[in-house]
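Trainee: Going down the list, the sequences are from chains A and B. Position one of the first sequence corresponds to residue 1 (the numbering used here), numbered consecutively onward. Position one of the second sequence corresponds to residue 1 (the numbering used here), numbered consecutively onward.
Hints were generated in silico from the structure; no laboratory data involved. One should not assume that every hint holds.
Identical copies go unnamed one by one, so any copy, or any two together, can satisfy a pair.
Claimed, not checked - When the alpha-carbon atoms are kept at most 20 Å apart in a straight line, the in silico PhoX-like pairs for lysine-lysine are as follows:
#1 Lys220 with Lys140
#2 Lys347 with Lys297
#3 Lys141 with Lys279
#4 Lys347 with Lys52
#5 Lys105 with Lys279
2 protein chains.
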Amino acid sequence: METKMAEGTITVPKGFFAGGLYCGLKGSRKNDIGILVCPAGAKAVGMFTTNKIVSPAVIVSRRHCESAKIYAVIANSGNANACTGKQGYKNAIKMCSATAKSLSKTGFLQSECKSKNVLIASTGIIGQQLPMQKISSGIKKLAGKISDTKKAGVNFAKAILTTDTKTKQAVRKINISEKQITIAGTAKGAGMIAPNMATTLSFFTTDAKISKQLLRAAFKDAIGMSLNKLTVDGHQSTNDTAIILASGAAGNKNINKRKSPAYRKFRNALCQLCDELAKQMTLDAEGATRIFKVIIKKSATRTDAGKAARAIADYPLVKCAVNGGDPNWGRIICAVGSAGVKLKPDKLTCKLDNLTVFRNGKPVKFDTKKAERIVSAKEHTITVSLGAGKYSDYCYGCDLSRDYVRINADYHT
Amino acid sequence: METKMAEGTITVPKGFFAGGLYCGLKGSRKNDIGILVCPAGAKAVGMFTTNKIVSPAVIVSRRHCESAKIYAVIANSGNANACTGKQGYKNAIKMCSATAKSLSKTGFLQSECKSKNVLIASTGIIGQQLPMQKISSGIKKLAGKISDTKKAGVNFAKAILTTDTKTKQAVRKINISEKQITIAGTAKGAGMIAPNMATTLSFFTTDAKISKQLLRAAFKDAIGMSLNKLTVDGHQSTNDTAIILASGAAGNKNINKRKSPAYRKFRNALCQLCDELAKQMTLDAEGATRIFKVIIKKSATRTDAGKAARAIADYPLVKCAVNGGDPNWGRIICAVGSAGVKLKPDKLTCKLDNLTVFRNGKPVKFDTKKAERIVSAKEHTITVSLGAGKYSDYCYGCDLSRDYVRINADYHT
């Protein structure tokens, strides 16, 4: 196998250091601030929410991504710094400059690091100003504790969580021009996850030497095929951010040709990594107990296929049926019928895993017990063929549980 | 006041008879079949789901609505007769002809009634063939029990319920050309309710003498401003049907001019009636404990305003916050930001009832206790001003509770 799975976290690729601690933002006293550092400076690519209301953190990171080198990422949970006006914008800038200053003082960085060489991401409650004194002293303290140990990486991974029950981390190793290249990622999941946006918060590191253009291309594909295919509650937050940093420390021959085997290998590994993180996120979605993949076939257009897949995965009655382990294909058909996509009612076919439950617009007799076993499993696949064309698309969804409601009714402002 | 509220049901307007009983479709042994009769024949207008997968009941009723006179409506709950192929279509026709035949035998009708003079509506489980023997004997039995008492009307109202906890009925009385005119309606609500479709199942009767054209115009407006403004889980079912029958028995001067005071009065009363039913439906939505109205102002287009209102009302995190009595305006802003509508972030303003919580893109200090009281009430209003134009629209939503999930996870196929 070309790609090797490995244990570990974002400090595994060469040239990366991290840390995380509690600075006073979360009532739970769990880690709420994290710093990821590349002392030699990294190429960085970011993808962001398409929500029209965005956190200043998103505005600032979008701009800073244009810098040639990024030395650090500062992230916090517990407060999204969204809908906070000019003060919120000033605070986001201040977080970047404090990080640049504190890290520079440690003598840890190989070149001068300014505010524009730092990226930022925030998540948590909307509409409250950040307690900047707590954050500033947190950053100062954290800058002295940065390390490349696994523990340091895990501390960062913990610092970005909100209602997640566990950290999400994954690592992939590949060989390119006889050098071992490592890619790692960590993400926060939980609610507010929907396709067609960057994702929630996710951070990727790699020691590959690769052109920024190809890093962007591979990242866009990988996010597009994984995190963007995920829907927990059909919504994008004001803060969704995905960032990848490439240190180039692996010493491989620079990957700069799109048609090269090296690029294909890199892209493939990154896609696998993102897919693994997406699954970890879906399984840990708020209150989720089961995940399912919706595949749409024979669609008139690719757009229709994606739309239909999402309509099914977001349909509360389908999500509740999966929660109840109920092979209620009628709700699937109902969802696809109201998705606003082209379909031929008399060609419509639906399968649960490999079990056909509806064929050419008519219900078929099937083994109910088997169907219940399929829908009650940790993962299953819903395949719907629209009979309207030749295009396909898919997405991932999860069930809707009483716990989703409990978590989100009780998570008070 | 021009319009008078009144107690009662669909048998109150002159010229209407009804009945309902249990024929064997529902496990609960509650009424599952109902007949509404206008012995002299009524003008009928129907509005139907826009789902692309529709029950044969919808196909048949759409066509039969073209008939000059409708003598009866046959409705059943417990089985939607949807996704049932050719057999399902035959069964829908058979239900109409059995109703025509049984009623004709009673000598109750004033003219010959054929299958095409009967409308039909079904609701319940999708994908199972109707047990036609039970239904046929149910129709026969029921045809002999039709009456114009209140009890008979309530029996019909009960026969269309699924997971509803109570019947929904409303009556309005107005005077036109010195004659009293009555309009009445009954509906089933519960899950699968969303705007831009007819509604779930609803049936209206009036003794007004009115041209079919104006009956259609008034009905379209009334449904458009009430039931179509309602969203419980953002979806349209395969069976949604709204029917109005006008007997003309009130003896008023025919309403046939759109600009006449008589038409305005009629339309106004029908709108009020539908609005009342819509509220009853929202309050009895699956697991709902609270309803809210979302008003969008200063939108670039009317379409955008409707889209934004619905995005907020359908957003699970907003629905959960309302369930928890939490004035979480951040989620409202987040929902509107991802609704895909034009807005000016620095003009965005949000109010809970009359309490401003967010003004011109910035949070404002407000009385938290007061905000909690507002959101914890049985009904409240969310007003969002987009700052992008001059158009407005609104919709009604309800909270998302643990009970919604329980009901829909446990309602097994």
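Trainee: So, for every hint listed, does it hold in this structure?
Mentor: Hint check results:
no.	hint	result
1	Lys220 with Lys140	neither (34 Å within a copy, 65 Å between copies)
2	Lys347 with Lys297	within (11 Å within a copy, 43 Å between copies)
3	Lys141 with Lys279	neither (34 Å within a copy, 56 Å between copies)
4	Lys347 with Lys52	between (39 Å within a copy, 13 Å between copies)
5	Lys105 with Lys279	neither (40 Å within a copy, 63 Å between copies)
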